[in-house]
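Novice: From first to last, the protein sequence lines are chains W and Y.
Counting from 15, one number per residue, gives the positions in the first sequence under our numbering.
Counting from 15, one number per residue, gives the positions in the second sequence under our numbering.
FYI, nobody ran anything at the bench for these hints, they're computed from the structure.
Some clues are possibly wrong.
[To be verified] Each computed DSS-like pair below joins lysine-lysine, with the alpha-carbon atoms no more than 30 Å apart:
id, chain 1, residue 1, chain 2, residue 2
1, W, 412, W, 446
2, Y, 446, Y, 412
3, Y, 474, Y, 412
4, W, 176, W, 134
5, Y, 64, Y, 23
6, W, 67, W, 23
7, W, 175, Y, 176
8, W, 412, W, 474
9, Y, 446, W, 23
10, W, 446, Y, 23
11, Y, 176, W, 176
12, Y, 175, W, 175
13, Y, 175, W, 176
14, Y, 23, Y, 67
15, Y, 446, Y, 474
16, W, 64, W, 23
Take a look at the letters that make up each chain.
Number of protein chains: 2
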Amino acid sequence: MSYPAQGLKERFWGLVPNGDAVALRTLLERMPPQAAAEAFEELDEGNQAKLLKTLNSDDFERLLPHLPAPLADVILQHFPQSVQAEALEEMWDDDLADFLQEVSDEDRDRYINLLDEETKETAEELLRYPETVAGGRMTTAFARVRSEMTIAEAIAMLAEKKEETEILARIYVVDEQQRILGKLRLRDLTFNPATLRITDVMQPETVTIDAMDDQEEAANMMLKYDLMTLPVVDGEQRLLGVITHDDAMEILQEESTEDLERQSGISGHQEETDYLETPVFSHFRRRFLWVLGLALLAIVSGYVICSYESVLDGWFLLALYMPMVVAAGGNTGAQAATTVIRAMSLGEFEPREFLGAIWKELRIGLLMGLLLGGCVALLTPVVMMALPETSATGQVLKTSDLALIVACSLTAQVTTSTVLGAALPILARALKLDPAVVASPAITTVVDVTGLIIYFGLAKWILGI
Amino acid sequence: MSYPAQGLKERFWGLVPNGDAVALRTLLERMPPQAAAEAFEELDEGNQAKLLKTLNSDDFERLLPHLPAPLADVILQHFPQSVQAEALEEMWDDDLADFLQEVSDEDRDRYINLLDEETKETAEELLRYPETVAGGRMTTAFARVRSEMTIAEAIAMLAEKKEETEILARIYVVDEQQRILGKLRLRDLTFNPATLRITDVMQPETVTIDAMDDQEEAANMMLKYDLMTLPVVDGEQRLLGVITHDDAMEILQEESTEDLERQSGISGHQEETDYLETPVFSHFRRRFLWVLGLALLAIVSGYVICSYESVLDGWFLLALYMPMVVAAGGNTGAQAATTVIRAMSLGEFEPREFLGAIWKELRIGLLMGLLLGGCVALLTPVVMMALPETSATGQVLKTSDLALIVACSLTAQVTTSTVLGAALPILARALKLDPAVVASPAITTVVDVTGLIIYFGLAKWILGI
Numbered sequence: 015m016s017y018p019a020q021g022l023k024e025r026f027w028g029l030v031p032n033g034d035a036v037a038l039r040t041l042l043e044r045m046p047p048q049a050a051a052e053a054f055e056e057l058d059e060g061n062q063a064k065l066l067k068t069l070n071s072d073d074f075e076r077l078l079p080h081l082p083a084p085l086a087d088v089i090l091q092h093f094p095q096s097v098q099a100e101a102l103e104e105m106w107d108d109d110l111a112d113f114l115q116e117v118s119d120e121d122r123d124r125y126i127n128l129l130d131e132e133t134k135e136t137a138e139e140l141l142r143y144p145e146t147v148a149g150g151r152m153t154t155a156f157a158r159v160r161s162e163m164t165i166a167e168a169i170a171m172l173a174e175k176k177e178e179t180e181i182l183a184r185i186y187v188v189d190e191q192q193r194i195l196g197k198l199r200l201r202d203l204t205f206n207p208a209t210l211r212i213t214d215v216m217q218p219e220t221v222t223i224d225a226m227d228d229q230e231e232a233a234n235m236m237l238k239y240d241l242m243t244l245p246v247v248d249g250e251q252r253l254l255g256v257i258t259h260d261d262a263m264e265i266l267q268e269e270s271t272e273d274l275e276r277q278s279g280i281s282g283h284q285e286e287t288d289y290l291e292t293p294v295f296s297h298f299r300r301r302f303l304w305v306l307g308l309a310l311l312a313i314v315s316g317y318v319i320c321s322y323e324s325v326l327d328g329w330f331l332l333a334l335y336m337p338m339v340v341a342a343g344g345n346t347g348a349q350a351a352t353t354v355i356r357a358m359s360l361g362e363f364e365p366r367e368f369l370g371a372i373w374k375e376l377r378i379g380l381l382m383g384l385l386l387g388g389c390v391a392l393l394t395p396v397v398m399m400a401l402p403e404t405s406a407t408g409q410v411l412k413t414s415d416l417a418l419i420v421a422c423s424l425t426a427q428v429t430t431s432t433v434l435g436a437a438l439p440i441l442a443r444a445l446k447l448d449p450a451v452v453a454s455p456a457i458t459t460v461v462d463v464t465g466l467i468i469y470f471g472l473a474k475w476i477l478g479i
Numbered sequence: 015m016s017y018p019a020q021g022l023k024e025r026f027w028g029l030v031p032n033g034d035a036v037a038l039r040t041l042l043e044r045m046p047p048q049a050a051a052e053a054f055e056e057l058d059e060g061n062q063a064k065l066l067k068t069l070n071s072d073d074f075e076r077l078l079p080h081l082p083a084p085l086a087d088v089i090l091q092h093f094p095q096s097v098q099a100e101a102l103e104e105m106w107d108d109d110l111a112d113f114l115q116e117v118s119d120e121d122r123d124r125y126i127n128l129l130d131e132e133t134k135e136t137a138e139e140l141l142r143y144p145e146t147v148a149g150g151r152m153t154t155a156f157a158r159v160r161s162e163m164t165i166a167e168a169i170a171m172l173a174e175k176k177e178e179t180e181i182l183a184r185i186y187v188v189d190e191q192q193r194i195l196g197k198l199r200l201r202d203l204t205f206n207p208a209t210l211r212i213t214d215v216m217q218p219e220t221v222t223i224d225a226m227d228d229q230e231e232a233a234n235m236m237l238k239y240d241l242m243t244l245p246v247v248d249g250e251q252r253l254l255g256v257i258t259h260d261d262a263m264e265i266l267q268e269e270s271t272e273d274l275e276r277q278s279g280i281s282g283h284q285e286e287t288d289y290l291e292t293p294v295f296s297h298f299r300r301r302f303l304w305v306l307g308l309a310l311l312a313i314v315s316g317y318v319i320c321s322y323e324s325v326l327d328g329w330f331l332l333a334l335y336m337p338m339v340v341a342a343g344g345n346t347g348a349q350a351a352t353t354v355i356r357a358m359s360l361g362e363f364e365p366r367e368f369l370g371a372i373w374k375e376l377r378i379g380l381l382m383g384l385l386l387g388g389c390v391a392l393l394t395p396v397v398m399m400a401l402p403e404t405s406a407t408g409q410v411l412k413t414s415d416l417a418l419i420v421a422c423s424l425t426a427q428v429t430t431s432t433v434l435g436a437a438l439p440i441l442a443r444a445l446k447l448d449p450a451v452v453a454s455p456a457i458t459t460v461v462d463v464t465g466l467i468i469y470f471g472l473a474k475w476i477l478g479i
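Work out the full structure, taking the sequences as your base and the hints as a guide.
Specialist: If you want it as structure tokens, here you go:
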């Protein structure tokens with residue numbers, strides 16, 4: 015009775031070799047469907063095939079919505095068409111739409127043609143919306159009542175439909191054009207006199223989302239307003255469906271994984287499979303493009319160093335702080351980018367406040383740059399003492415000159431990088447691009463170049479070359 | 015009736031200068047409490063003070079749980095003690111505990127002493143749990159019934175307690191020792207014959223969490239099992255409280271912000287205030303330590319370059335690819351770290367699978383390194399042609415030698431960095447540290463050093479120096 019999902023999974027795996035259908039079925043039924051799906055997914059193909067022969071379609075039905083679409087597809091194809099149709103019709107409409115969105119075009123058409131008229135219509139309605147908008151995540155299996163009903167009438171109507179309703183805890187009140195008038199909780203029906211009218215117990219609904227708005231906006235609204243369900247409407251405020259709390263959590267998780275990945279130069283969409291089950295080549299495909307692009311950009315840094323050959327030739331000791339100036343830019347630029355991107359995606363500032371954000375980062379960057387430059391300048395005599403071997407060639411570089419050069423260039427580089435780190439994602443957003451595209455790795459590569467130019471430029475100027 | 019929260023906020027701000035209490039109150043009541051709180055929070059201090067004089071304590075009561083604790087504190091202190099007590103007693107217990115956790119020790123004691131005995135006891139019970147564990151996020155205001163009750167009895171009991179119950183959609187069944195036996199939905203009471211017993215309609219509960227388990231684990235379980243509420247138990251499976259879906263969303267959001275920030279070298283906890291309202295110095299404090307530490311580490315890279323002075327002196331053209339080899343390591347290391355950290359925090363692999371993860375990253379790294387090295391080697395003749403000015407000093411470096419050096423060192427550097435990027439977070443986790451601490455910026459700085467050593471080491475070997 016504790017949290018036995020892992021334990022149940024291991025017992026399940028222990029039963030697979032025997033192939034005892036009754037024992038397997040009994041155990042599967044005791045597991046939450048998500049855990050049962052996971053237990054099946056983590057078996058090797060041989061054992062999966064074995065189970066498909068041992069168990070029957072009813073045993074798999076509740077697992078299907080929790081399996082990656084390709085695996086659910088394999089399972090379905092194992093059974094006759096009539097069973098496939100039944101299993102699909104048993105799914106909640108949003109799960110069904112997700113599944114259909116993820117299989118091949120050919121399979122989708124085949125599956126849709128198996129469905130009964132009503133399910134087919136709902137599925138086609140939901141498939142009209144891209145996966146990434148509110149309409150693509152909603153369920154139409156929600157509870158709705160009319161405002162002129164009494165509580166008794168509403169309960170009688172809902173009791174009839176309760177089997178096909180995904181969430182009953184929030185009930186919406188609509189007029190005859192299906193426009194949303196208000197909402198109520200199931201408790202408002204259960205604990206009030208049956209003769210009251212719906213209008214007497216409903217609350218006005220002030221938070222809705224348009225079906226074509228981004229799913230991330232929907233999840234952020236549910237987070238902000240502590241909602242269990244969010245009504246999805248069309249342009250005329252007609253209620254089309256609701257997004258439920260579990261979908262909101264999933265959206266938040268997907269979006270934050272995506273944010274993290276973009277900020278490390280990983281492109282495309284995450285696989286449905288877990289990390290260890292995802293093939294090496296899939297990982298490679300999502301990572302290589304950024305790595306190649308950034309490597310080519312880094313040639314610019316190489317050109318810049320080569321163009322300062324005469325300076326380095328004469329004052330080789332300048333190489334000592336070169337990596338630090340470059341790296342400090344990358345680190346502070348990445349910090350600024352992360353902070354600004356996160357604030358934008360949580361809706362913490364509006365487009366008109368962009369200048370305010372940049373002004374804030376300018377002050378943060380200046381403060382960090384001055385302090386960092388000061389610290390490193392003060393440490394320079396110590397750093398010089400610990401130098402592996404004294405530079406033999408070229409001019410002698412005075413410690414005080416090196417300290418001055420590093421202090422000035424760290425200040426300039428950290429300030430520039432912080433401002434660039436904030437400005438580039440903001441610019442990307444203004445251009446309707448994903449701000450995370452210009453996050454850490456891209457900014458690091460850009461400020462590598464600015465760092466080298468600032469460092470060698472200031473060195474030439476201070477040394478009077 | 016659309017999504018008018020922003021519009022209502024703006025109308026509210028428009029009303030503030032007039033100070034018309036009735037108009038302000040009417041509008042506030044129409045806004046969701048979160049939007050009302052935000053509208054108040056975003057006013058300047060002068061207008062906040064003005065509103066505190068215009069409106070009365072009832073108007074502020076529903077805003078309090080949605081305001082940052084310091085601001086809620088200011089509002090409360092504006093009213094007499096009896097009003098303060100009433101406002102605190104009106105809060106849900108988890109909101110109250112959050113508030114008390116965030117005010118100063120002195121204020122906390124003072125507020126607790128204002129509370130009636132029952133609220134005081136609940137608050138002290140909840141305050142025993144740190145904010146970051148499941149017990150610190152639970153509410154005790156959940157619905158519980160006994161298995162031997164009939165549905166009619168359960169409904170009658172819940173009807174009495176409905177005002178003080180935060181979530182009624184999920185109801186837990188306990189025995190006389192408060193141990194959890196099962197769960198049911200409100201619909202199971204509403205739509206079933208009133209004479210049935212609770213045992214006939216309840217489901218067994220297989221997913222619970224220990225009060226001292228991490229809040230992130232709780233949120234991940236709610237995400238995985240699509241839960242509206244998660245029961246929190248003690249060591250004897252006694253039901254202490256539940257975590258609700260809105261708290262789960264908040265935890266997911268907080269944890270993903272923290273992951274993002276750690277991976278960009280931002281330490282400590284995010285402010286409760288929005289980005290633009292957070293003072294420059296607060297941002298500075300959370301960012302500077304990493305920047306300073308990484309800058310000092312970058313001196314090692316400087317030493318490494320200085321120690322290869324004779325190589326660079328003789329073959330200065332090697333500087334051309336130095337930034338690329340270094341950067342490719344940082345980029346691929348960061349990708350590996352992000353992927354592995356994310357997979358660990360989503361529970362996608364277990365400690366015993368650590369070697370599997372490193373083996374996977376080794377293959378990904380080798381594949382990327384070989385391909386990247388090959389691409390850059392092939393491009394080398396073109397890159398050399400575009401070189402700003404031909405290297406005048408030192409030895410002539412053959413294009414084929416440079417291509418061979420860069421191909422070998424990119425392969426070695428990308429493979430090393432990818433493996434390090436995966437291994438360091440795993441090692442941190444094994445040492446019970448937050449894996450994100452050794453994420454992108456730390457890894458970048460480490461692989462800067464390995465990159466320089468690999469590049470110059472291979473160059474010396476290939477050129478036979």
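Novice: Between residue 412 of chain W and residue 446 of chain W, does the CA-CA distance stay at or below 30 Å?
Specialist: violated (50 Å)
Novice: Quick one, are residue 446 of chain Y and residue 412 of chain Y close enough, alpha carbons at most 30 Å?
Specialist: Violated. Residue 446 of chain Y to residue 412 of chain Y sits at ~50 Å, over the 30 Å cutoff.
Novice: So if I understand the rule, the pair passes when the alpha-carbon distance is 30 Å or less; does residue 64 of chain W with residue 23 of chain W pass?
Specialist: The hint holds at about 17 Å.
Novice: Mind checking the alpha carbons of residue 175 of chain Y and residue 175 of chain W for me, to see if they're no more than 30 Å apart?
Specialist: holds (28 Å)
Novice: Take a quick look at whether residue 67 of chain W and residue 23 of chain W sit within 30 Å of each other, Cα to Cα.
Specialist: Holds. Residue 67 of chain W to residue 23 of chain W sits at ~20 Å (cutoff 30 Å).
Novice: Are residue 176 of chain Y and residue 176 of chain W close enough, with their CA atoms no more than 30 Å apart?
Specialist: holds (22 Å)
Novice: Would you check the hint for residue 412 of chain W and residue 474 of chain W, treating anything up to 30 Å between C-alpha atoms as holding?
Specialist: With a Cα-Cα distance of about 14 Å, the restraint between residue 412 of chain W and residue 474 of chain W holds, given a limit of 30 Å.
Novice: Quickly compare the C-alpha distance for residue 23 of chain Y and residue 67 of chain Y to 30 Å and report which way the hint goes.
Specialist: holds (20 Å)
Novice: Does the alpha-carbon distance linking residue 175 of chain Y and residue 176 of chain W stay inside the 30 Å limit?
Specialist: holds (25 Å)
Novice: Checking one constraint from the list: CA of residue 175 of chain W to CA of residue 176 of chain Y, max 30 Å. Satisfied?
Specialist: holds (25 Å)
Novice: Measure nothing beyond the straight line between the CA atoms of residue 446 of chain Y and residue 23 of chain W; if it is 30 Å or shorter, mark the hint as holding.
Specialist: holds (26 Å)
Novice: So if I understand the rule, the pair passes when the alpha-carbon distance is 30 Å or less; does residue 176 of chain W with residue 134 of chain W pass?
Specialist: Holds, at roughly 21 Å.
In terms of the numbered hints stated before, the structure departs from hints 1, 2, 15, listed from lowest to highest.
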